[in-house]
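Peer 1: In order, the protein sequence lines correspond to chains U and H. Heads up: the first sequence begins at 11 in this note's numbering, then just goes up one per residue. Heads up: the second sequence begins at 188 in this note's numbering, then just goes up one per residue.
None of these hints come from the bench; they were simulated from the model. From a predicted model like this one, the values you see are computed outputs, not experimental measurements. Backbone N, C-alpha and C define an ideal beta-carbon position, used for all residues, glycine too. Only true hints are included.
On the chain U side, residues computed to face chain H include the following (Cβ under 8 Å):
1) His51
2) Ala54
3) Arg55
4) Tyr59
5) Arg60
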Amino acid sequence: MLDVSLLLTVIIMVVKVGVVAMILFGLPIPLTWLERKVAGHIQARLGPYRVGPHGVLQPIADMIKLLFKEDIVPDKADKFLFKIAPLLAMVPAFMVFVAIPIGDKWTVPYINKDVTLYISNMNVGVLYVLAIAGLGIYGVIFGGWASNSKYALLGGLRSAAQMISYEVALSFSVIGVVMMSNSLNLVEIVTSQGGGFWNWNFFYLPVGPVWFFIFMIAASAEINRIPFDLTEDEGTLSSGFHTEYSGMRFSLFMLSEYVAMVTVSVLAVVFFLGGWNPPVDLPFIPDIVLPFYGIGWFLAKVVVFIYLFMWIRFTLPRYRYDQLMTIGWKILIPICLGTILVTGFMRIYLF
Amino acid sequence: MSRTGEKIKNFIKKTVFVDFIKGLHVTLGYNLSKSITIRYPDEEKWIPYRRFRGRHTLNRTPEGRELCVACELCAKSCPTNCITVIPMEDDTGRGIADRVAKVWKVDLVRCLFCGYCEDACPTRALRLGRDYELACTDLACTGMEMQELLMPQSIPETISGGVVAKARFIRDGEKLTVEADLGKTRKMRW
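Let the sequences and hints guide you as you build the complete structure.
Peer 2: Quick look at the structure:
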């Protein structure tokens with residue numbers, strides 16, 4: 011006889027994985043639209059406007075175009091690495107979402123079974139997320155190497171150096187968060203921040219904001235966005251590691267880039283802004299919104315961060331390569347170590 | 188003392204991201220401000236000022252008589268020789284005098300819209316109007332004959348222009364037109 015509850019667990023797990031994968035594959039559609047709209051409005055333009063109302067169908071038109079474009083593999087490229095590089099960039103970006111909690115519990119109507127709103131509640135969540143996010147660099151560097159083009163190679167090398175440098179600062183800035191919740195488990199990190207916005211890690215004064223800003227700076231370097239997008243510096247490298255890519259392979263790189271942006275926004279919310287916890291516990295919440303209450307707060311915070319990244323992109327110019335390295339090694343890492351020390355003393359002697 | 192004070196001030200400015208926040212403030216202001224895009228041709232169309240020099244038109248008197256007396260001054264003053272005028276005699280009251288144009292033709296490919304012909308015209312018959320959508324699919328449509336030029340101007344002289352009007356984009360086979368609704372206009376903010 012088959013165990014029914016085991017079967018149900020497996021089904022729920024498969025459904026959750028499927029839903030997360032579908033959402034992640036679908037994400038670039040609204041995000042490219044949003045990015046172009048934000049770009050347009052910041053430059054006093056309108057952005058895409060003609061395909062569908064306010065251009066909402068523009069990404070779909072772009073997708074169709076990319077699907078039908080010729081898929082060029084350069085003559086002297088390393089064919090195998092060239093073909094596998096976009097996948098190597100994409101898979102880690104998706105794998106990160108295994109550990110990310112987007113909510114606590116949700117009761118499925120009709121079968122009355124609680125479903126946890128995360129795929130896996132692993133005890134080394136923080137470590138897993140940082141490690142897997144660091145793997146994404148393989149796609150970039152293989153893509154740059156396999157293209158057999160100087161621009162792609164230089165872009166790939168730059169991004170390798172950049173991502174490795176900032177990985178250190180990124181991980182160090184999270185150590186304070188881990189100290190706060192005494193756990194590497196992402197769910198526990200979120201639950202330890204419950205009960206009002208003054209319990210969020212961001213408001214652990216005076217070191218909370220410092221962690222947060224270091225995390226944001228390192229994260230924007232990690233996902234190669236302005237002001238740290240030296241990997242695709244149009245002025246000097248045409249477009250960096252994906253210079254030689256076209257069609258669907260190029261769009262896989264774009265997909266992984268957008269998923270990485272979402273990942274970083276989600277991590278910032280989980281680590282510093284209390285995940286799905288509302289800023290103030292309301293005494294009364296209507297029954298209708300209750301199932302979506304936590305997820306709603308979570309999504310709202312993530313959207314704010316996504317907008318912030320786009321906003322910064324169209325505000326700041328790009329750093330020079332040596333400035334980038336100076337910021338990473340000479341400023342961020344010493345500050346990180348200092349805040350870790352201060353946090354340690356505060357945790358032992360204060361509260 | 189003052190130099191160290193300056194240094195400390197700059198250091199504090201750097202640590203609390205003053206310049207960064209100023210930059211973000213500027214871009215947020217633009218993000219929330221209204222766009223300056225004219226949504227041509229789908230929804231809007233630019234109505235030029237009166238001084239605009241577009242396609243030629245030949246005017247009539249209020250009674251409907253042709254103002255052109257075929258004096259050929261426009262053709263003489265034209266730097267590119269794109270205007271052809273052939274006069275003829277007509278006393279049926281078609282024109283304001285006995286002399287009217289038999290042929291009045293302009294080759295818009297050669298015309299450079301300098302406006303000398305308009306200046307030379309002694310009866311103010313010729314006017315460079317405000318039609319600027321002159322693109323077409325074959326060369327035949329670039330030569331404008333008298334009958335077309337004698338049609339009333341699409342934007343009458345009474346409208347001072349310099350506004351954006353609501354418009355309708357009409358696709359009729361090969362022919363594309365943008366029809367402006369002169370009643371509904373908005374000022375441009377430059």
